[in-house]
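Q: Fit chain B to the supplied structure of chain A, relying on the hints for placement.
Number of protein chains: 2
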Amino acid sequence: MSNEQGTGRFAYDGLERIIHERARLSILTSLASHAKGLPFNDLKSMCSLTDGNLSRHMTALAEAGLVEIEKSEKNNRSLTRCRLTEVGRKRFLNYLAVLESVLSDAQTVSAAVPKEGLAPA
Amino acid sequence: MSNEQGTGRFAYDGLERIIHERARLSILTSLASHAKGLPFNDLKSMCSLTDGNLSRHMTALAEAGLVEIEKSEKNNRSLTRCRLTEVGRKRFLNYLAVLESVLSDAQTVSAAVPKEGLAPA
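Chains as they are written, first to last, in numbering that gives the first Met the number 0: chain A, 0 to 120; chain B, 0 to 120.
Fair warning: there could be bad hints in the mix.
[What the hints assert, rightly or not] List time: in silico DMTMM-like cross-link candidates among lysine to aspartate or glutamate, alpha-carbon distance up to 20 Å:
1) B/Lys35 to B/Glu67
2) B/Lys35 to A/Asp104
3) B/Lys89 to B/Asp12
4) B/Lys89 to A/Asp104
5) A/Lys35 to A/Glu67
6) A/Lys35 to B/Asp104
7) A/Lys89 to A/Glu20
8) B/Lys35 to B/Asp12
9) A/Lys89 to B/Asp104
10) A/Lys89 to A/Glu15
11) B/Lys70 to B/Asp41
12) A/Lys35 to A/Glu72
If you are wondering where the hints come from, they were derived from the structure by calculation, not from laboratory data.
For reference, chain A alone in the conformation it holds in the complex (with noise of 0.2 Å):
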């Protein structure tokens, strides 16, 4: 066994906390699986989230460098076009690392059946 009870051993710290919340997380995996943007509204129906969550979330995806938001006009009809920037995609990158030892380190959980003639942790 490796250092189990090492401190801070589960403690996630590359979970960043702009990335981890489920809307975001939502966000960036829909951006990070389409290399050329999306348009707002395909963004907001393949995330389920409201006109007003998206913008919200964008806005602070944005502010923090992770995405850009791209306006243009064509026919008269103004177009939104989202898309994760180069900082957001190595950000996004170094978060999965982390939520894949999350996952490597829970592997355990389906095994992990009580017993009482286990050692006590």
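A: For chain B alone, coordinates are given in the frame of chain A:
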């Protein structure tokens, strides 16, 4: 390609708030990998939480039925042991399955290099 544009495709409803919050995710992962539970102080150190923070989160998790707190006394010293309940184990496993799908959806992130030749999403 599968139904990538689908409504709610990236909504991840299963990431329930009570589990997803980072400190609580730490606590549950620690407990999940220690079938017989953990003394309060060990858990505190593994999750890098303060007394107050751990207490607060444990109370919330216990109220949701996900963990149980057992107090005993030994040689005049009180001992608090924290443990995942069976309900907690099941709900945590469901949560982990959704987390797996986030990771699998995000796999494309590293591969997804923007190229002008690609069709816009």
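Q: Does each hint fit the structure? Answer for all of them.
A: Structure-based check of each hint:
The straight-line distance between the Cα atoms of B/Lys35 and B/Glu67 is roughly 12 Å, inside the 20 Å bound, and the hint therefore holds. About 16 Å separates the Cα atoms of B/Lys35 and A/Asp104, which keeps this hinted pair within 20 Å; it holds. Between B/Lys89 and B/Asp12 the alpha-carbon distance is near 16 Å, which keeps this suggested pair within the 20 Å criterion. Between B/Lys89 and A/Asp104, the direct Cα distance comes to roughly 16 Å. Compliance with the 20 Å bound is thereby established for this hinted pair.
With a C-alpha separation of about 12 Å, the suggested pair A/Lys35 and A/Glu67 falls inside the 20 Å cut-off, and the hint holds. The hinted pair formed by A/Lys35 and B/Asp104 meets the criterion: a straight-line CA distance of about 16 Å does not exceed 20 Å. Pair hint A/Lys89 plus A/Glu20 holds up; C-alpha atoms about 18 Å apart against a cutoff of 20 Å. Distance check on the hinted pair: B/Lys35 and B/Asp12 sit about 30 Å apart at the alpha-carbon level, beyond 20 Å; violated.
Of the pairs offered as hints, the one joining A/Lys89 and B/Asp104 holds, with about 16 Å between alpha carbons and a cut-off of 20 Å not exceeded. The straight-line distance between the Cα atoms of A/Lys89 and A/Glu15 is roughly 13 Å, inside the 20 Å bound, and the hint therefore holds. For the suggested pair B/Lys70 and B/Asp41, the alpha carbons sit about 15 Å apart, so the restraint of at most 20 Å is met. The straight-line distance between the Cα atoms of A/Lys35 and A/Glu72 is roughly 18 Å, inside the 20 Å bound, and the hint therefore holds.
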